[in-house]
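Using the sequences and the hints given, assemble the complete structure.
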Amino acid sequence: MTSPRIVEVRQAILSKNDLAAREQRRVFADAGVCVVSLVSSPGSGKTALLSETLRRLTPRHRVAALVGDLATDHDAVRLRESGAPVRQITTGTVCHLDAEMVRRALVDWDLGALEFLFIENVGNLVCPASYDLGEDLRVVLLSVTEGEDKPEKYPTIFAGADLVVVTKLDLAEAAGYDDALARRALEAVRPGLDVLRVSVRSGAGMTDWLDRLDAARARKRTASSPV
Amino acid sequence: MHELSIAMSLIELATERTQQAGGARVEAVYLRIGALAGVEPDALRFSFEVAARDTLLDGARLVIEETPIVVYCARCQAERTLQTPRFECPACGAPTPTLVRGRELELTALEVHDDVPAHR
Numbered sequence: 000m001t002s003p004r005i006v007e008v009r010q011a012i013l014s015k016n017d018l019a020a021r022e023q024r025r026v027f028a029d030a031g032v033c034v035v036s037l038v039s040s041p042g043s044g045k046t047a048l049l050s051e052t053l054r055r056l057t058p059r060h061r062v063a064a065l066v067g068d069l070a071t072d073h074d075a076v077r078l079r080e081s082g083a084p085v086r087q088i089t090t091g092t093v094c095h096l097d098a099e100m101v102r103r104a105l106v107d108w109d110l111g112a113l114e115f116l117f118i119e120n121v122g123n124l125v126c127p128a129s130y131d132l133g134e135d136l137r138v139v140l141l142s143v144t145e146g147e148d149k150p151e152k153y154p155t156i157f158a159g160a161d162l163v164v165v166t167k168l169d170l171a172e173a174a175g176y177d178d179a180l181a182r183r184a185l186e187a188v189r190p191g192l193d194v195l196r197v198s199v200r201s202g203a204g205m206t207d208w209l210d211r212l213d214a215a216r217a218r219k220r221t222a223s224s225p226v
Numbered sequence: 000m001h002e003l004s005i006a007m008s009l010i011e012l013a014t015e016r017t018q019q020a021g022g023a024r025v026e027a028v029y030l031r032i033g034a035l036a037g038v039e040p041d042a043l044r045f046s047f048e049v050a051a052r053d054t055l056l057d058g059a060r061l062v063i064e065e066t067p068i069v070v071y072c073a074r075c076q077a078e079r080t081l082q083t084p085r086f087e088c089p090a091c092g093a094p095t096p097t098l099v100r101g102r103e104l105e106l107t108a109l110e111v112h113d114d115v116p117a118h119r
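Those sequence lines, one after another, are chains A and B. Throughout the first sequence, residue numbering follows numbering that gives the first Met the number 0, covering 0 to 226 in sequence. Throughout the second sequence, residue numbering follows numbering that gives the first Met the number 0, covering 0 to 119 in sequence.
Derived from the structure by calculation, the hints contain no laboratory data. Yeah, the Cβ is synthetic: ideal placement off N, Cα and C, and Gly gets one too. There's no promise every hint is true.
[Unchecked claim] Dumping the calculated EDC-like pairs for lysine to aspartate or glutamate here, alpha-carbon to alpha-carbon at most 20 Å:
#, chain 1, residue 1, chain 2, residue 2
1, A, Lys-152, B, Glu-39
2, A, Lys-152, B, Glu-65
3, A, Lys-219, A, Asp-109
4, A, Lys-152, A, Asp-109
5, A, Lys-152, B, Glu-87
[Said to hold, decoys possible] Using C-beta positions, here's what the derived DEER-type ranges look like:
#, chain 1, residue 1, chain 2, residue 2, range
6, B, Gly-21, A, Glu-80, 50 to 60 Å
7, B, Asp-57, A, Thr-144, 42 to 52 Å
8, B, Asp-57, A, Arg-102, 30 to 40 Å
9, A, Val-76, B, Gly-21, 51 to 61 Å
10, B, Ile-63, A, Thr-92, 23 to 33 Å
11, A, Gly-202, B, Ala-42, 37 to 47 Å
12, A, Arg-220, B, Arg-60, 45 to 55 Å
13, A, Thr-206, B, Glu-48, 48 to 58 Å
14, A, Arg-200, B, Asp-41, 33 to 43 Å
15, A, Thr-206, B, Arg-60, 52 to 62 Å
Here's what the structure looks like:
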């Protein structure tokens with residue numbers, strides 16, 4: 000038996016996903032569609048926020064959504080009530096979406112006809128953090144009922160967010176939610192992070208949220224317009 | 000737990016590189032995992048052991064170098080290592096949003112054999 004030899008590699012283990020995400024980002028830029036992903040733990044209100052967002056955007060904008068779920072299509076069914084095209088990605092046992100799943104789900108969609116595409120990730124604060132989907136805006140949700148220290152427990156996902164949306168604001172008082180504490184926790188894992196507070200039920204903060212979406216789309220159009 | 004997905008990506012990449020290098024099997028796999036990569040080394044070891052069965056990496060050793068979070072402190076104008084994922088400069092206390100390292104999840108090297116032992 001020969002003695003082993005060293006083969007240098009120095010490559011990211013998820014380089015295939017990184018590459019696929021980069022390719023998706025180029026496809027999205029060419030199509031001029033602004034892509035927003037939503038990530039949170041299960042039950043933080045991703046589907047509720049998305050459902051209300053689709054309802055408010057569909058009269059003015061061409062929007063569509065992809066929704067990742069382990070098994071059921073309940074979320075997709077809920078979201079279709081808005082009238083926007085919604086496609087489900089069933090991940091089976093996989094606890095996150097990856098760039099290739101997104102690519103396959105979009106294969107026969109005319110992205111050029113869309114202004115916004117939303118991607119609802121599988122409810123999970125750990126696994127999605129490792130997988131870039133090629134989105135323009137990664138939004139992490141934190142509901143007032145799940146504890147202000149969540150960001151410190153899951154620093155990877157919050158540190159990788161472009162925007163945090165605190166949800167279920169209408170329950171803040173009943174949940175004893177301490178906003179200053181939550182903000183300190185977010186600031187600790189990502190200084191300067193943009194944080195919004197919304198309630199889908201009361202409508203509080205929804206205008207700010209829609210403004211952020213418009214701003215993201217405007218940035219994208221400026222970035223992708225020919226010089 | 001996504002460590003199984005990561006283990007499978009790792010095995011795919013390592014198999015590709017081993018074959019390119021003309022190797023027949025892998026003795027050891029050298030990884031670098033940042034403290035902010037979101038991957039648990041122990042969970043990865045466990046997943047790897049299972050996923051590597053009947054591949055060129057069956058029985059291979061995982062050698063994991065865990066690397067800390069390194070940020071840039073604008074006030075000190077220096078790179079600082081953080082012991083916890085709390086983004087403030089350990090020297091001056093200023094917020095440090097600029098991440099220099101800590102998210103890496105990298106296959107650094109492989110120790111390969113050019114032959115397969117008879118007992119396998």
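Going through the earlier hints one by one, which of them does the structure break, listed in rising order?
4
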